[in-house]
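Use the sequences and the hints to build the structure in full.
Chains as they are written, first to last, in our numbering: chain A, 1 to 396; chain B, 1 to 271.
I should point out that these hints are in silico values taken from the structure, not numbers from a laboratory.
Please note that a few of the clues may not be correct.
[To be verified] Across the chosen pairs, the derived CB separations fall in these ranges: (1) B:K183 to A:D358: 43 to 53 Å; (2) B:R81 to A:Q330: 50 to 60 Å; (3) B:K85 to A:S290: 49 to 59 Å; (4) A:N136 to B:K85: 35 to 45 Å; (5) A:D151 to B:N82: 41 to 51 Å; (6) B:L124 to A:S290: 24 to 34 Å; (7) A:V247 to B:K222: 48 to 58 Å; (8) B:G168 to A:V144: 37 to 47 Å; (9) A:A307 to B:N240: 57 to 67 Å; (10) B:G168 to A:Q330: 35 to 45 Å; (11) A:F98 to B:G220: 38 to 48 Å.
[Said to hold, decoys possible] Straight-line distance between alpha carbons at most 30 Å, and here's what the computed BS3-like set of lysine-lysine pairs gives: (12) B:K128 to A:K394; (13) B:K252 to B:K226; (14) A:K364 to B:K125; (15) A:K109 to B:K125; (16) B:K226 to B:K156; (17) B:K222 to B:K110; (18) B:K36 to B:K196; (19) B:K125 to A:K165; (20) B:K125 to A:K394; (21) A:K364 to B:K222; (22) B:K232 to B:K222; (23) A:K394 to B:K101; (24) B:K128 to A:K109; (25) B:K183 to B:K128; (26) A:K364 to B:K163.
Quick caveat, the model's predicted, so the values are computed rather than measured.
Don't be surprised by glycine CBs; every beta carbon is placed ideally from N, CA and C.
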Amino acid sequence: MFKRTILLSALLSGTAAQAEPPEFSGYIGGELNYFPEAGLYPGQLSDTQASLVFAPELRWRSDDGDTRARISAFGRWDAEDPERSHIDLREAWIQRNFDSFEVLVGVNKVFWGVTESLNLVDIVNQVDQLEYTDSNARLGQPMVALSTDQDWGSLSAYIMTGFRKREYPGTDGRLRFGLPVDDSATTWGDDREEWAPDFALRYYNTFGSIDLGLSAFYGTSREAMLTPNSGGTALDPYYGRIWQTGVDAQYTGDNVLWKLEAIARGSDDFDTFAAVVTGFEYTFYQVGGSDGDLGVISEYLYDDRGADAPGTVFQNDLFVGTRWAANDSQDTSALVGAVIDLEDGTTSLRAEYERRLDIGVLLKIQAQAVRNTDTSNPLYGFRQDNYLSVAFEKFF
Amino acid sequence: MLNQFRQSKRKTLALVAGAFLAVTPLASYAQEDVQKGLEIATRSDVTDNGFGDSTATAQMVLRNAAGQSSSRELVIMTLERNSSKVGDKTISLFSTPADIKGTAVLSHAKITGNDDQWIYLPALKRVKRISSSNKSGPFVGSEFAYEDITAQEVGKFDYRWIKSEKCGGATCEVIERTPNYAKSGYSRQLVWISTKTWQPEQIQFFDRAGNHVKTLTYSGYKQYGKFWRAGKLTMVNLRNGKSTDLIFTDWKFSTGLSDRDFKSSALEDLR
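What follows is the structure, encoded as structure tokens:
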């Protein structure tokens with residue numbers, strides 16, 4: 001372990017292992033989003049939304065290779081919606097590798113899960129809702145994490161505090177609720193508010209063709225209960241205390257991947273509920289004699305939470321999608337998918353395309369639309385927010 | 001009782017042998033050529049036994065027919081496993097282009113059945129288990145198929161000796177090998193193995209229809225202790241005129257890598 005890290009450092013930096021300087025990397029980007037339809041609510045930006053992104057990263061490794069540190073920030077300046085202009089410390093941690101375990105202290109991002117349409121078990125980090133073009137964007141979470149890798153699997157324990165509230169687009173923004181969210185009216189399930197400690201545990205291992213993860217969480221809900229205030233002028237967020245247990249598993253076959261994520265979540269505030277995402281991804285390799293692979297993905301989403309819990313749109317839905325990877329030197333890929341509400345027929349569609357234009361320069365094109373929206377579906381409020389997004393990212 | 005057991009065991013063996021003869025197409029080849037082919041492949045494999053683990057930096061240069069090129073740089077780590085059932089473990093860690101920096105592919109090779117494979121995506125901080133059954137697909141847009149770059153274990157092929165001939169300054173044994181794993185894109189391969197180094201000098205790949213489609217040339221061999229490593233691999237695709245160079249530098253052996261470094265959960269600690 002010890003030798004490896006020194007050696008790797010040397011290999012990656014191309015220099016001797018001693019006195020290794022921190023490594024600086026990251027990307028800058030520009031994004032232009034076009035909304036063909038007028039917004040539903042007063043004050044919403046009319047049709048184009050331009051923004052700039054800066055995401056620098058600094059990595060450091062000690063001479064002996066046992067200590068690593070990282071600072072990674074993300075900032076977006078938005079020309080239309082001041083609320084969407086934001087800076088977040090995604091990562092700022094130091095990690096020490098002891099022989100049989102690792103300790104990490106600081107702000108970090110942790111991903112759990114296997115499915116494509118929604119990751120129910122992924123609960124450590126708050127969603128960065130302002131990044132509506134990137135469903136994987138998460139806010140950095142302060143934590144102390146202890147991990148160990150053993151023959152029987154890997155086990156990680158997390159103690160967290162410094163809760164990150166979810167941020168919502170401002171009145172100028174698109175993809176917002178009819179009423180603005182009043183952050184200053186936030187109430188909590190615990191008197192310690194954002195300083196109440198959260199605890200999490202995760203086990204992961206591989207058994208032949210099956211990868212299995214088990215997780216448990218007790219702490220402040222990442223999802224807020226939003227209730228209109230007495231004047232009916234804004235939504236007031238409430239963050240209660242919850243527990244959640246989760247399982248995620250994948251079976252890897254020849255052409256097919258079977259995936260499952262399931263959780264049970266309980267609280268003093270609402271009745272315990274269960275939620276499941278399960279489905280498959282089937283890949284046709286080298287379609288039509290080309291180098292490209294075409295994957296067909298289908299996942300069923302179920303959630304039996306009641307009205308007393310923070311809302312979800314995935315109560316009884318079907319995700320169908322197709323993924324194409326060209327396997328060319330530009331790493332061209334595309335994804336087209338739809339989530340269909342099996343009860344009211346509301347359908348949200350999304351298409352993504354990505355290609356490397358030049359060394360370290362990525363082009364990302366994305367389109368999203370909701371169709372057939374039922375008046376009772378929460379997406380009804382987003383029915384005018386269909387958009388086309390074009391982004392360039394230059395990595396350094 | 002014991003007798004009965006012996007008898008049934010003998011019967012089983014006879015059945016197995018019968019089944020083997022019935023299905024093997026190699027029966028039509030001269031048995032001594034098959035034997036010699038396997039011996040050469042085994043000797044080539046054995047020469048490399050005992051390296052323990054190795055790391056190297058590789059530059060991958062992709063060229064199209066018009067001569068335009070793009071390149072990727074990666075670190076390749078290998079952990080040797082001395083077993084007839086499982087092959088080596090490898091990690092390919094990309095450092096350029098910058099947008100895929102930190103992406104790593106981990107592979108646990110098997111002799112029969114698919115290798116276990118995971119990919120680490122640093123932007124998502126996510127490890128994904130992926131299927132390795134797409135053996136004939138291109139590796140990261142190059143002219144190398146996945147099956148060309150994964151561990152070339154002896155048990156993955158059937159062999160036949162073809163001829164001996166001059167190659168460069170040395171003599172090569174030319175053997176034919178036929179993939180016996182599922183979903184190979186090849187009907188056969190011709191391998192030139194130098195009798196000086198017992199390492200391959202050239203491999204010609206033949207598609208399912210029997211056409212010669214790609215040629216891989218090894219050059220710049222250097223000896224590290226008792227182990228030979230090529231400095232450059234050039235794969236030329238005869239069908240589309242594209243080619244890929246893999247240029248290796250910084251070969252290091254017995255660096256102290258262990259099983260723990262080749263777990264999927266260790267991928268995010270690589271840099």
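Original post:
CB of R81 of chain B to CB of Q330 of chain A, is that within 50 to 60 Å?
Top reply: violated, 35 Å
Original post:
CA of K232 of chain B to CA of K222 of chain B, is that 30 Å or under?
Top reply: holds, 10 Å
**OP:** Note whether the CB distance of L124 of chain B and S290 of chain A lies within 24 to 34 Å or breaks it.
**Re:** Because 26 Å falls inside the window, the suggested range holds.
Original post:
Given the hinted pair K364 of chain A and K163 of chain B, is their alpha-carbon gap at most 30 Å?
Top reply: Roughly 53 Å separates the two Cα atoms, so the pair is violated.
Subject >> 30 Å Cα cutoff - pair K364 of chain A, K222 of chain B >> reply: Violated - the C-alpha atoms of K222 of chain B and K364 of chain A are around 44 Å apart, more than 30 Å.
Original post:
Is K128 of chain B within 30 Å of K109 of chain A, Cα to Cα?
Top reply: holds, 16 Å
Original post:
Between K364 of chain A and K125 of chain B, does the CA-CA distance stay at or below 30 Å?
Top reply: Holds. K364 of chain A to K125 of chain B sits at ~19 Å (cutoff 30 Å).
**OP:** Take the C-beta atom of G168 of chain B and the C-beta atom of Q330 of chain A, compute their distance, and say whether it sits inside 35 to 45 Å.
**Re:** holds, 36 Å
Original post:
Would you say the C-beta atoms of V247 of chain A and K222 of chain B sit inside 48 to 58 Å of each other?
Top reply: For K222 of chain B against V247 of chain A, whose Cβ atoms are near 50 Å apart, the range 48 to 58 Å holds.
**OP:** Verify the proposed pairing of K226 of chain B with K156 of chain B, using a straight-line Cα cut of 30 Å.
**Re:** The hint holds at about 25 Å.
Original post:
Does K252 of chain B pair with K226 of chain B here, judged by a C-alpha cut-off of 30 Å?
Top reply: holds, 13 Å
**OP:** For the pair supplied as a hint, K183 of chain B and K128 of chain B, confirm whether the alpha-carbon distance does not exceed 30 Å.
**Re:** holds, 22 Å
The structure does not agree with the numbered hints 1, 2, 3, 5, 8, 21, 26 stated previously, though it agrees with the rest.
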